[in-house]
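J.: Listed in order, the protein sequences are those of chains A and B. Mind the numbering: the first sequence is residues 1 to 168 in the working numbering, read in order. Mind the numbering: the second sequence is residues 1 to 405 in the working numbering, read in order.
What the hints contain is simulated information worked out from the structure, not anything from laboratory work. Glycine included, C-beta positions come from ideal geometry on N, C-alpha and C. One thing to keep in mind: the hints can contain errors.
[Stated by the list, open to error] Some chain B residues well away from chain A (every beta-carbon gap over 10 Å; in silico):
#1 PRO29
#2 TRP31
#3 GLU41
#4 HIS45
#5 ASP370
[Unchecked claim] Computed footprint of chain B on chain A; a stretch qualifies when at least three of its residues, placed anywhere within it, have a C-beta under 8 Å from a C-beta of chain B:
#6 7-17
#7 28-37
#8 57-64
#9 107-114
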Amino acid sequence: MAADSAVCVACHGPDGNSVNPAVPSLAAQPAQFLSTSLYMFREGNRKDPQMSPMAKGLSNADLNELGAYFSKQKAAPPRHKSSVENAAAGPGLAKKFNCSQCHGPALLGQQHIPRLAGQQYEYLGVQLRGFKAGTRADIDGNMTSAAQALTDKDIEVLVDYLAGLVAQ
Amino acid sequence: MNRVVAAAIAAAFAVPVMAQDKPAAAPPPSWQQGKPAALQESTLHPFAPHLTGRPAKDLPVDTLKVPAGFKVEVWADGIPEARSLALGDKGTVFVSNRNAKSVYAVLDKGGKREVKTLFTGLDAPNGIAFNKGTLYVAERGRITRHDGIEGKLDSPGEGKVVVDNLDPSRAAGHFWKFLAMGPDGKLYFNIGAPGNIVMPNYTQASIMRVDPANGVLETVARGVRNSVGFDWHPKTKELWFTNHGRDWLGDNSPNDTLHRVAAKTVPNFGYPFCHQGDTLDPEYGKNRSCAEFAKPALKLGAHIAPLGMRFYTGKMFPAEYQNNAFIAMHGSWNRTTKQGYNVMRVTFDEKGQPKMQPFVTGFMTDEKADPPMWGRPVDLLVMKDGSMLFSDDYNGIIYRVTYSK
Chain A
1 MAADSAVCVA
11 CHGPDGNSVN
21 PAVPSLAAQP
31 AQFLSTSLYM
41 FREGNRKDPQ
51 MSPMAKGLSN
61 ADLNELGAYF
71 SKQKAAPPRH
81 KSSVENAAAG
91 PGLAKKFNCS
101 QCHGPALLGQ
111 QHIPRLAGQQ
121 YEYLGVQLRG
131 FKAGTRADID
141 GNMTSAAQAL
151 TDKDIEVLVD
161 YLAGLVAQ
Chain B
1 MNRVVAAAIA
11 AAFAVPVMAQ
21 DKPAAAPPPS
31 WQQGKPAALQ
41 ESTLHPFAPH
51 LTGRPAKDLP
61 VDTLKVPAGF
71 KVEVWADGIP
81 EARSLALGDK
91 GTVFVSNRNA
101 KSVYAVLDKG
111 GKREVKTLFT
121 GLDAPNGIAF
131 NKGTLYVAER
141 GRITRHDGIE
151 GKLDSPGEGK
161 VVVDNLDPSR
171 AAGHFWKFLA
181 MGPDGKLYFN
191 IGAPGNIVMP
201 NYTQASIMRV
211 DPANGVLETV
221 ARGVRNSVGF
231 DWHPKTKELW
241 FTNHGRDWLG
251 DNSPNDTLHR
261 VAAKTVPNFG
271 YPFCHQGDTL
281 DPEYGKNRSC
291 AEFAKPALKL
301 GAHIAPLGMR
311 FYTGKMFPAE
321 YQNNAFIAMH
331 GSWNRTTKQG
341 YNVMRVTFDE
351 KGQPKMQPFV
361 TGFMTDEKAD
371 PPMWGRPVDL
381 LVMKDGSMLF
391 SDDYNGIIYR
401 VTYSK
């Protein structure tokens, strides 16, 4: 392919399964979510010191190819271990705060909506706090709105639960 | 103090909103607004377009169906989120979009299409119209003119403002615009409703027109929730437009509608009080009557999302297609069983009463799936040779429909 997935896996891990809690996994994410995220980095809607320059020179065809490639990679079992309490409380919170409504019953994502199950711990926390603060770019404001209802404690529990959840 | 006033004061003085008024800090997107408690767990959601476009070769284009003698084919792909279409005097096809903030020019070069990006970084430039050498672009808040555009496609420069400050609130709502040049030389555009079901202010939920010579605005129709397509009947010169009904009232209510604006009237079509001419809104319709509002010319179906609407005056299609209207249906999201995603043909009987039938079908693959379709028609354009183009913003593709005996 024109865009080299080897460049991506340097940070995002083998097959897009990240081993760095701050860097998201790309494997088994919906293709449209991946291409849309890259698009938002390229166009400047979403800003990140590492990703913005990476996305800069890529064509739409490159973004589609990268999205398709990583969407087809298998999700590795999560390295994060949720606490027993948070693993028990997580499903109730995911329902209460409407996570599963869009991200799907197993939180695997769909279309432009990402997989949360097994996503990296630190990355998830930064995204949710960013949505709550209104600083994380959002296609239509839905996540920014949804995050307003979360307390810091809710975010802690959700992130610990999601990061340890097996994608299946 | 009531909540609306409290929120308005908080916004005006930028004071932190009190804890008990917390949701006002980030209201839900307008598609979530007006969702009743009983549907809070609904998983229905709008479909996001593929903002990078999808190549036509990866899509089941050969499954599209048209009536006998017609043919549908891909005219151009790689035009992200292709929405509104306009035709230049020299044959340039102008294409605009909404989320992707751009306007493109497509040139037909010996059977191959060349796409040039004219403008980027605009504010939802959904509306475009071409007239006498000038391209007009309607963003959320303003309309600009670009004179002699076909002579400077490689360096279009800055446009001149026709009218500004059309979107003072900067809030969520149906504020991307459709734009068309009327037979009276005035530019017609919509200002939609500020949410799914919200009391509009006096400029919202309307169709307006502006005289490009002096920037003076006039209201053409009121009580219009969101129209994203209109045209003038070739014989009567009356304005016809499509309109989107509200969401979250169930699979079969209310209908999206087709409207006629009789000459010398400024009708009110009922939003937010009365839907489809005969159905009172459960909240805003209390103590009102649909009798006080103008009726739609045709009910099109619930949540089928009619967008572009154009009368056919070309010479290629059979004679019975003359002065028929075509409607591009974007298709439903707020319906458990999906429908729409077709180009429809509207015929008129001797009394001028419209009737609708399918024209291009095949984008929907499974009415229960999510997503149920692989493409979504948005706008239509009759070309000089009588063929008809239509755009698909889900994939960034423009298709061409032709006829031969």
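J.: Give a verdict on every hint.
T.: Here is how each hint holds up against the structure:
The non-interface label for B/PRO29 is inconsistent with chain A: the shortest C-beta to C-beta separation is roughly 4 Å, within 10 Å. Distance check for B/TRP31 against chain A: the nearest CB is about 7 Å away, which does not clear 10 Å, and the non-interface claim fails. Its beta-carbon lying about 7 Å from the closest one in chain A, B/GLU41 breaks the requirement of being farther than 10 Å from that chain. With a minimum CB-CB distance of about 6 Å to chain A, B/HIS45 fails to clear the 10 Å threshold, and the non-interface call is violated.
Not every C-beta of chain A lies more than 10 Å from that of B/ASP370, the closest at about 7 Å, which undercuts listing it as non-interface. Proximity of the segment 7-17 of chain A to chain B, defined as three or more residues with a beta carbon under 8 Å from a beta carbon of that chain, is not established by the 0 residues found. With 3 residues having a Cβ less than 8 Å from any Cβ of chain B, the segment 28-37 of chain A passes the three-residue criterion, so the hint holds. As drawn, the segment 57-64 of chain A meets chain B at 4 residues by the rule of a beta-carbon pair under 8 Å; at three or more, the given contact holds.
As drawn, the segment 107-114 of chain A meets chain B at 3 residues by the rule of a beta-carbon pair under 8 Å; at three or more, the given contact holds.
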